[in-house]
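Asks: For the protein sequence lines, the chains are A and B, in the order given.
The C-terminal residue of the first sequence carries number 108 in numbering that gives the first Met the number 0, and the numbering is unbroken.
The C-terminal residue of the second sequence carries number 216 in numbering that gives the first Met the number 0, and the numbering is unbroken.
Since the hints were made in silico from the structure, they are not lab data.
Treat each hint with caution, since some may be false.
Unchecked claim - Simulated pairs of lysine to aspartate or glutamate, EDC-like, Cα-Cα distance not exceeding 16 Å:
| hint | chain 1 | residue 1 | chain 2 | residue 2 |
| --- | --- | --- | --- | --- |
| 1 | B | K68 | B | E19 |
| 2 | B | K88 | B | E10 |
| 3 | B | K86 | B | D157 |
| 4 | B | K7 | A | E35 |
| 5 | B | K86 | A | E35 |
| 6 | B | K7 | B | D157 |
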Amino acid sequence: MTRNAKSPDLSELADLDRLVHEPARLAVMALLFVIESADFTFLMNQTGLTWGNLSAHLTKLEEAGYLEVEKSFKGRRPNTSLRLTRQGREAFREYARTMKQIFQDLPTA
Amino acid sequence: MTAQLNLKEIERRAFRSTYEDGLLDIELGLVVICMSIFVYRPPTGYSPANIVLALLAMLLANGLFWVGKKFITLPRMGRVRFGAARKRKKATLVIILSLVVLIQVGLLGLTVLGWLNPEVGAKVNDFFKARDLMDLAVAVIGSLFVGPSMILVAYFTDFPRGYYIAVMMALAVFLLIYLNQPIYAIILGSLIVLPGLVLFVRFVKTHPLHGEGVPDD
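Here chain A stands alone, though its shape is the one from the complex (with noise of 0.2 Å):
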């Protein structure tokens, strides 16, 4: 088996945010990439998640940077309001550019 010459740099892989990597932070982070601001509910109905397993991803991002949590009140109600970073949209993007690179030279089966 020749190996082809155009083949991915696979050391490209390892250097992947494996923050974001993971699908369900993936999934909230694509979202967000496209919205201003959701709620925690708006997030749960979107992704499919559970409140504790969101929550959990929600916390890893806020430590990592790349997520802003602001907690206000609607009414008597609290509401937390979830939006991307400048530095979790930079590396969102820098994610999927990596991603686009290690695919775009896939021989097709």
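Model the placement of chain B on the given structure of chain A, informed by the hints.
Replies: Chain B in isolation, oriented as in the chain A frame:
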């Protein structure tokens, strides 16, 4: 990766999900029904009460929409703010609809001018009456204002069911004016409300409020 990560599609799906509760359909259908009941030409002639009652009923429909949205569906759906592109589309829609309203006001002005100038009014009246087209002309003009306006709303607000509603509304206005019978428009209005009600019930069933163990937000 079996499917392409289509960001535009993700945004569109998120945006369209805000219509899943069916409340907008219910409101628009109720507007058609209110209009049908109060704005047709009664045998006794027009009275200001027709317009006042129609406006009050439409306000009630609008109030129902906002109460339903605020207290029933938003707590289940969640709150979201979309990006600059959506805001630009909304602003464009406002400008276009303002132009449509201006044209309508212009037409109304021309009608008033016709009343003030009996010669012009008589000429227009004679033209249409001679061909027995008066009701047909008014009905066509009315539906041409309502239908395309709603199509624009559907397009700029990315509301696919809006096209169906546009057809129903245009037909309702046409039949209301041409046949001067509110029943057809009421039926058409109900055909807008009913799918909205089905969606609303389905939405409430599939989007429960959080239990006590789960935070409110």
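Asks: Could you run down the list of hints and mark each one as holding or not?
Replies: Cross-check of the supplied hints:
Restraint check: the Cα-Cα separation between K68 of chain B and E19 of chain B comes to about 11 Å, which is no more than 16 Å; the hinted pair holds. With a CA separation close to 14 Å, the supplied pair K88 of chain B and E10 of chain B stays within the 16 Å bound. In summary, the hint linking K86 of chain B to D157 of chain B is supported, as the alpha carbons are separated by about 12 Å, within the 16 Å threshold. For the suggested pair K7 of chain B and E35 of chain A, the alpha carbons sit about 14 Å apart, so the restraint of at most 16 Å is met.
Restraint check for K86 of chain B and E35 of chain A: satisfied, since their Cα atoms lie roughly 11 Å apart, inside the 16 Å limit. In summary, the hint linking K7 of chain B to D157 of chain B is supported, as the alpha carbons are separated by about 13 Å, within the 16 Å threshold.
Hint compliance for this structure: no hint is broken.
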